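*Asks:* Each chain is listed here by its residues.
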Amino acid sequence: MSEDKLTISKIRDGTVIDHIAAGKGLIIPHILGMNVDSEDIFTVLVNAQSSHMGKKDIVKIQNRELKEKELNLVALIASDATINIIKNFKVTDKRKVVLPKHIEGLLKCLNSSCITNNDPEATTSFDVVSRAPLVLQCSYCSIDMNELEILNQLSGK
Amino acid sequence: MKNVISSADLSRKEIEGIFASADKFKKGTAKTSLKGKIVALAFFEPSTRTYNSFDAAAKKLGAEVIGFKSDIDTSITKGESFADTIRIISSYADCVVIRHKFDGAARFATQVTQKPVINAGDGKHEHPTQSLIDLYTVKTVFGRVDGLVYGIVGDLKYGRAAHSLIYTLTKFKPKRVHMVAPKHLRVEKEALSSIGYEYDEVDDIMDVANDVDVLYVTRIQKERFADELEYEKLKGSYKVDNGVVNALKSNAIIMHPLPRVNEIDREVDKSSKARYFEQAANGVPVRMALLDSILGGKNE
Ligand SMILES: [Zn+2]
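Heads up: the sequence lines are chains A and B, in that order.
In terms of numbering that gives the first Met the number 0, the first sequence is residues 0 to 156.
In terms of numbering that gives the first Met the number 0, the second sequence is residues 0 to 299.
Hints should not be assumed to be uniformly reliable.
Said to hold, decoys possible - Computed footprint of chain B on chain A, listed as stretches where at least three residues anywhere in the stretch have a Cβ under 8 Å from a Cβ of chain B: (1) 110-117; (2) 137-150.
Stated by the list, open to error - Far from chain B, some chain A residues (derived; all Cβ distances over 10 Å): (3) Ala20; (4) Val35; (5) Val43; (6) Thr91; (7) Lys107; (8) Arg130.
Since the hints were made in silico from the structure, they are not lab data.
The structure displayed is predicted, hence computed values, not measured ones.
A virtual CB, placed ideally from N, CA and C, is assigned to each residue, including glycine.
Pulled out of the complex, with its shape left as it was, chain A reads as follows (with noise of 0.2 Å):
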């Protein structure tokens, strides 16, 4: 898709995720914390069309550029996701998330009696032991997380 398209309804300054698995577009400003309550200004495109992917959604959110962490949870749900950092209605950046080998923080370890979930000073810790599919297994307590656990989880079901 040609960066023209790509900005039809054109943001001055922002990002813009593309490339995101047609379905999963609306679950990423939840998961980012933009709702109604937030200042953020953002639009998500669902099925777009894509010359490789089929459908595929785009967020495309106004004056912010996406922090480590938040990108790290877009790359736990949308792997191919590309980022398009975008200054002066001009693409200035482009990259693919790449999801790191390890998550801090970000995700709730599913099994009760793990010490992350016991103890206030234990943040959660995941090795990523497969990328496609999706699973992590937590640090301390080897329990495994798979891909939908991940959503559901992200998306507060």
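Based on the hints, put chain B with the ligand in the right spot on chain A.
*Replies:* Just chain B with the ligand, lined up with the frame of chain A:
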């Protein structure tokens, strides 16, 4: 080696080093001493046998022992967090041995203290020093750990001794491992994904009795069954009695991490195949070897 949290932390070479050192402690030929060192035993969950075994190991090496046998003894009951308790006790000691009911507690402890941490059992997760003792016992009987057929029996879903043994065996080359458990107490699929040896999952001990060299029996707790009737029905398939002993090969051995309830009939104790008391006794030399290796004992 600094911490022993999971069986995965130990290489085969380190395990063999511990076995060689344990041999020396058992024979009384080791000359090393931990005089002047302090070992903290932080047992948030009671386990008399494991506590006493570490206590004896440390004292035999000349170290001092501080700590507590259950969280009733500590300020935890006054609301102190696990992290704070570890920070404080480790500041008094050269290493901390931790037993806790939560999975991953020992791993978390390594983040709040710089001192070496030994996991003496964390929830349903792992009990790595137990499996060192188990395989050390196998080695003293057969002269090797490789090439043998193992039958691991009992609650393989929640049993931490069984978990650690299954992982520790991945460092070796067992001929085969039979995992004997009722369907809903089988090993979690994630634990099996990284196993490099041949294994199968079976329901009944008798299906594998004539194949195994090592029959490793663990407890099946009644509480794990939703239905007491089901427990009563299944109980028999996991009970080792003279019938099982006679079905075993003549040189096979029976092990158990103890305490047992009734999964091994008392009549089996008289059999030369029963090695669980010897296994328990090996706890001291193996833990001596481990403490010596972590704390860098000095020759006297
Ligand atoms: Zn966990």
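*Asks:* Taking the hints in turn, state whether each one holds.
*Replies:* A quick look at each hint next to the structure:
Check on the segment 110-117 of chain A: 6 of its residues sit with their Cβ under 8 Å from a Cβ of chain B, so the three-residue criterion for coverage holds. Coverage of the segment 137-150 of chain A by chain B holds [criterion: at least 3 residues with CB-CB distance below 8 Å; count 7]. With a cut of 10 Å on Cβ distances, alanine 20/A stays outside the contact zone with chain B, its closest approach being about 25 Å. Once the 10 Å rule is applied to beta carbons, valine 35/A is consistent with being away from chain B; the minimum gap is 37 Å.
Consistency note on valine 43/A: stated as away from chain B, and its beta-carbon is indeed over 10 Å from all of that chain's, at 34 Å minimum. The claim that threonine 91/A is not at the interface with chain B holds, since no C-beta of that chain comes within 10 Å of its own (minimum 39 Å). With a least CB separation of 13 Å from chain B, lysine 107/A remains clear of the 10 Å interface cut-off, as annotated. The Cβ of arginine 130/A lies farther than 10 Å from every Cβ of chain B, with a closest approach of about 15 Å, so its non-interface assignment holds.
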